[in-house]
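**Q** Chains A and B are the protein sequences, given in the same order.
When we follow the numbering used here, the leftmost residue of the first sequence carries the number 718, and every step to the right adds one.
When we follow the numbering used here, the leftmost residue of the second sequence carries the number 18, and every step to the right adds one.
Because the hints were derived from the structure by calculation, they are not lab data.
Just so you know, even glycine gets a beta-carbon here, dropped at the ideal spot from N, CA and C.
Some clues are possibly wrong.
[What the hints assert, rightly or not] Below, in silico cross-link-like pairs of lysine-lysine (DSS-like), each with a Cα-Cα straight-line distance of 27 Å or less: (1) A:1151 - A:1124; (2) B:86 - B:142; (3) A:1065 - B:381; (4) B:142 - B:72; (5) A:832 - A:869; (6) A:1261 - A:1197; (7) A:1122 - B:289; (8) A:1219 - A:1197; (9) A:1122 - A:1083; (10) B:142 - B:155; (11) A:1215 - A:1189; (12) A:1122 - A:1184; (13) A:1083 - B:286; (14) A:1065 - A:1041; (15) B:181 - B:193; (16) B:361 - B:381; (17) A:1065 - B:387; (18) B:289 - A:1083; (19) A:966 - B:403; (20) A:832 - A:808; (21) A:960 - B:387; (22) A:1041 - A:1261; (23) B:120 - B:86; (24) B:361 - B:181; (25) A:1041 - A:1197; (26) B:387 - A:966; (27) B:256 - B:289; (28) B:327 - B:361; (29) A:1011 - B:381; (30) A:1011 - B:387; (31) A:1122 - B:286; (32) A:1151 - A:1184; (33) A:1122 - B:256; (34) A:966 - B:381.
[Stated by the list, open to error] So these bits of chain B aren't anywhere near chain A, every CB distance computed over 10 Å: (35) 91; (36) 216; (37) 289.
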Amino acid sequence: MNFSRREWIRLASSIGAAHLLPRRAVSSQPQPLFIEVPASASGINWVHENALSPSRYLPEALGPGCAFLDFDNDGWMDIFLVNSGPSDFWKPPKPVRNALYKNNRDGTFTDVTEKAGVAGAYFGMGIAVGDYDNDGWPDMFVTAYGKCILYKNNQNGTFTDVTEKAGVATPGWTTSAVWFDYDNDGKLDLFVCSFVDYSGVKKLECGNNQIGRNYYCVPRVFQPTPSFLYHNNGDGTFTEVSKGTAIAKALGKGLGVVATDINNDGWMDLFVANDTVQNFLFVNRGPGPNGRWKWDEIALQSGVGFSETGRPRSGMGVDAAALKGDSWQDLFVANVDHEMFSVYENNKDETFHDAAQAHGVARATKLLSGWGLKFLDYDNDGGVDLFLANGHPDDMIDNYSMQVKYKEPLLLFHQGQDGRLHDVSEGAGPVFQKDFAARGLAVGDYDNDGALDILVGVNGGAPVLLKNNAAKGNNWLGLKLEGATCNRDAIGARIVWKAGGKLRRRLKTSGGSYLSSHDPREILGIGAAPQIDELEIHWPAPSKQVDRFTALPVNRYLRIVEGRGLQGTGQGPHDPSASQQIL
Amino acid sequence: MGWLRPSHFFFVTLDQDLAADMRKLIFLLAFTLGADVWPQTPQTPQQLVQDAIQKQQGGDLEGAAAEYKQFLKLHPEATAIHSNLGAALVGLGRFEEAISEYKIALRQSPALNEARLNLGLAYYKMGLIQEAAVQLAKVHAQDPANTQAVLLLADSYLRMGQEKDVIRVLEPEEQKHPDDLAIAYMLGTALIRENRVDEGQVLVERIFRHGDSAEAHLMLGSAKMNVSDFAGARDEFAKAEGLNPNLPEVHVLYAKALQFTGDSDRSVKEFKAELAVDPFNFDANLQLGAIARQEQNYDQAHQYFARALKTRPGDPGVRYQLAVIAVDEGNPEEARRMLESLIKESPQFTEAHVSLSLVYYRLKRPVDGKREQEIVQRLTAEAQAKQPGVNPQQ
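Take the sequences, apply the hints, and build the full model.
**A** Next comes the structure, spelled out in C-alpha cells:
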C-alpha cells in the first residue's frame, strides 16, 4: 500500500498519539520524511572526540555544536562542526580539530578546515554565526570550556582569530551564543551563555554509581555563573555591557539561548535555558535613564522559569516561533528525562502557559533528554513543525535504568489542522528508528531544493546529516534578507506573507537549538498555492522600513535588500518577470 | 499490614460486669415500661438483646443492627449496646454510623477501652489514619499490654511516616516479644527508614531465620533504597511481591524503585496495585495524583489527593499539589490562600514560594510577587552554597 506524502502527513496527524504505537514496529513507510545521508555519500568523515575519561569530567558530555553557514558566499550552505580539544583536564593523545566542510553543490562536501584556519585550539562546545561587521560575510563565534574564539571571515575562504582584539575573550565555560541587535543600532551584538564554574573544582569526581564507576556530576553541585552581553562598537571591537543589569545579576547555568521578541515592542529579548536552576527570560526594555540598557528578568512571573510544581529543571535546548503563524512568539525548552519538555504558548501579556500536554509533546518526551531542537516548517505546508534531537547525558544510564537510554531517538512533530503538534516520528523514516547521543542540531537547506535539511551533532560520534524528503509537492519561496541600515543579517525582521488566502507571519529570530547555528535564509512554505500573493518585510530599527511585494513566483530563492527590493536571484529557478513593488 | 493488616473487626462481647449491668437494665426495663412498650414483639428487652447478639455472632449483621437500634430507641444510655451496634455497622461497611455509635458509647463511658479500640479500627478502616492513631494511642496508654492496639498504633505511625513514634512504641515490645515477627518487621522498617540500618539489619536477619519471607525482602529492599541502590531495591521488592502480593506497601515500594530505575509505566501499575490492596495508601495516592495532575486530569487528581489527605491530613506535599491544580485551573485566589497557609507552616518550602510568587503576579500584586521571588532566590542560594562544587573539600 502506497501513500502519497500528503496522505501520509494527514494520516500521521490524525493519529496524533503515534507514540502509543510500539516503537520500531512500523517499517513499511514508503516515503521517509528525512533520509540519512551516509558519510560515504556526503564526504563528511569527521568524528567528534568527546574525550571520555574514567573520571567523567562534565565537559565531555556536553558537545558538540554544529552549523549551517555559507562561509564563501556562493549561495550553498557549508557545514561547521565543533570539536573538543586540549584543556586543563585532557591532553589529546592525537590532534583533534573542528571541521569546516565546503559544499560542493552536488550533495558532497570537502573538508577545508586547515585552509580556512578554523581548527580551534580549545575544548570547543558550540558555534554562533553572524555578520558582526556587516561586510556581507558570515563570521563565527566558537564557544568552549577554556577559551572562546571569534573567527572573522576574510572574504577569501579563510578566517582570522580576532578574539582578543575584538574584546570577546570570554572566561570560563561557555555554551550557546547568539548574535542579535539588542539596541537596534544596526550592528549585531553578542550574548554568550555561561555554564557552571568548573575552574576550582575540575578534579571533583562524583562518587561511584551503581556499577562502581564515576559518573558525570549533576550540574547542581557546581556554582552558577552570569552570562555575558557584548555590545558591538562598530569598529571591530565589543564592550561587555551586562554589568549592573539583570543579566549580570542572574546567576545561571546556561545551555541554550534564543533571541526573539516576546512582546512585539521591537526590542529583541532573550530566553535562556538553564540546567538545574530556573530559566531566564530577559526582556529588553530599551535604554534606561541611567545610560545603561534596561533588562528585566521575568521568567518566574511569566511562567517559564520553573516547572509547574515550582522546581527548576534541566533546561538544555530552546527555541522560539509563532506556532499559530501570528505575531506572538511561543517558546520551547527541552529538559532531562522525567521532567518533560515545555511548549510555552504566549498569553500576549508577557506571560505564558505550558501547552506541552495539549500538543502531545509532554508525553512523547517524558523519558527523553532534549538538546538540539528547532521549530521549522519541514513540509512547506505553512505550519510550524518541530524537530528534537535527544540523548541522555549519562553514558552509563543504560546500566541502571529500565527505560531511559543513553542513546535516544530523534523526534519529529507535525502541526496538524488542529494547530497541535503531533508526533509523526514513527513513520518519518528509518533514521527515526535509530538512537543517537545527539547534542547540537542545525537546520538548513544544503541542497537548495527549498526543503530544510537537518544536521545533528553526536557526542563521541559522527554527525548525522538528514536530507529532507518531506516537502516535495509543496510550493515555497526562499528569502535571503539583507539589512542595509539594520543589521546585515536582518535579525529581528518580520515577514508577512499571503498565499492561497492564508496570511502568515514570521519573526526572524536568532539562535535557538543547542550550541548550534542555522541557515540564515527564511523559507516560506505555501502548500499548493501557486504564488505568494503579498509579501511584506518589516525591517527592524533603525529604519523600521516596510518593503512590500506582490505576486511573487515560487520555488526559488530571492535576495531582498532593505529599501532596495529584489536583488537578483539566489539558487533555484527564478522568473525575472515576476512583479515587484517597493513602497 | 500483611499479617498485621486487620482482616476483621473485634467483636465486643459483654464481659461479666457488663452482662450483669445489662441484666439489671433489662429487668428494670421490663418492670417499668409495661406491655405497651413492646406491642409488636413478644420479646422482652433481655431477649431482644440476646437475640441481637446471637444474630451478630451468626453473621446476620443487618438483623442484629436493627434489634440493637430498636433497643437503643428506648434505652440510649445502654453503653455496651452502642458499642455492639458499632461493631455490627462496621461489619456492614457503614463506618460513619459505627463511629457515631462508638463516640456515644465513649461519651457515656470514657474508660470503655474496647469501644475505643473499635473506634480506632473504624477510623483505620476508613483511611483516617491520624484519627485512628489518636484513639489507639489512648488505648495503648490505658492498656499497654494490649498487643493488638500497639501493633495497629505502630502501623498507623508507619503509614503517617512517623518512624520515630514507631520505634518509641515498638522497642519495648520487641524486648518483651523477641520472636514476634510482626513487631520485628515494623520496627525494622522504621529503623531502616530512619537510617539506623545496622539495627534494622539485625531484625531483617531475624525474619530471614524463619525462612524466605516477603517481609524480609521488603525490609532489605528498603535498606537498599536508603543507600540509593535502586536496582537492588527493585529486585528485592519484586521478590517480596512474588511471595506475598498482599503485603502492605510492597507495591508502593516496588513502584518507587521502578520510578528510580526509569520504568514509569510499571511504576504506575504498581501504585495502582497498592491501592487495590489499600485504597488509602498515602504514597500511592500522592504519586498517582501527581501523575494525573501532570496529565491535566484534574478530577482524578483531586480524588487521589483527597484520599491521601485522609491518611495524612494537612500533608504539605498534597496541599501543594492541590494549590498547583488551582493555579492550572485558573483559580489564583484559591491557590493564594492555600500557598500562604503552606508557607506559614513551612517557611523553607521553596517550591511553594515559587508558586506563590507567580500567583501574586497573576493577581496583579507585584510587590508581594517580588518579595516571594526574593525569598526563592535566597533559599536557592542557600541550597547552592551547600553543594560540593562550591566547597570542594566537603
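**Q** Between the alpha carbons of residue 832 of chain A and residue 808 of chain A, is the straight-line distance 27 Å or under?
**A** holds (24 Å)
**Q** Given the hinted pair residue 387 of chain B and residue 966 of chain A, is their alpha-carbon gap at most 27 Å?
**A** holds (15 Å)
**Q** For the pair supplied as a hint, residue 289 of chain B and residue 1083 of chain A, confirm whether the alpha-carbon distance does not exceed 27 Å.
**A** OK: residue 289 of chain B and residue 1083 of chain A at ~20 Å, within 27 Å.
**Q** Taking 27 Å as the top limit, are the C-alpha atoms of residue 120 of chain B and residue 86 of chain B close enough?
**A** holds (15 Å)
**Q** Can you confirm whether the C-alpha distance between residue 142 of chain B and residue 155 of chain B stays at or below 27 Å?
**A** holds (18 Å)
**Q** For a C-alpha distance cap of 27 Å, please report whether residue 1065 of chain A and residue 381 of chain B respect it.
**A** holds (16 Å)
**Q** Could you check that no beta carbon of chain A comes within 10 Å of the beta carbon of residue 91 of chain B?
**A** Correct as stated: the minimum Cβ-Cβ distance to chain A is 57 Å, above 10 Å.
**Q** Would the hint linking residue 1219 of chain A and residue 1197 of chain A be met if the CA-CA limit is 27 Å?
**A** Holds: residue 1219 of chain A and residue 1197 of chain A sit about 22 Å apart, inside 27 Å.
**Q** Is the straight-line distance between the alpha-carbon of residue 1122 of chain A and that of residue 289 of chain B 27 Å or less?
**A** Status holds; Cα separation ~26 Å.
**Q** Would you mind confirming whether the straight-line C-alpha gap from residue 1041 of chain A to residue 1197 of chain A stays at or under 27 Å?
**A** holds (23 Å)
**Q** Starting from residue 1011 of chain A, check that the Cα of residue 387 of chain B is at most 27 Å away, please.
**A** The given pair, whose Cα atoms are some 18 Å apart, holds under the 27 Å limit.
**Q** Is residue 966 of chain A within 27 Å of residue 381 of chain B, Cα to Cα?
**A** Between residue 966 of chain A and residue 381 of chain B the Cα gap is close to 24 Å, so the pair holds against 27 Å.
This entry satisfies every hint, going by the numbered hints stated previously.
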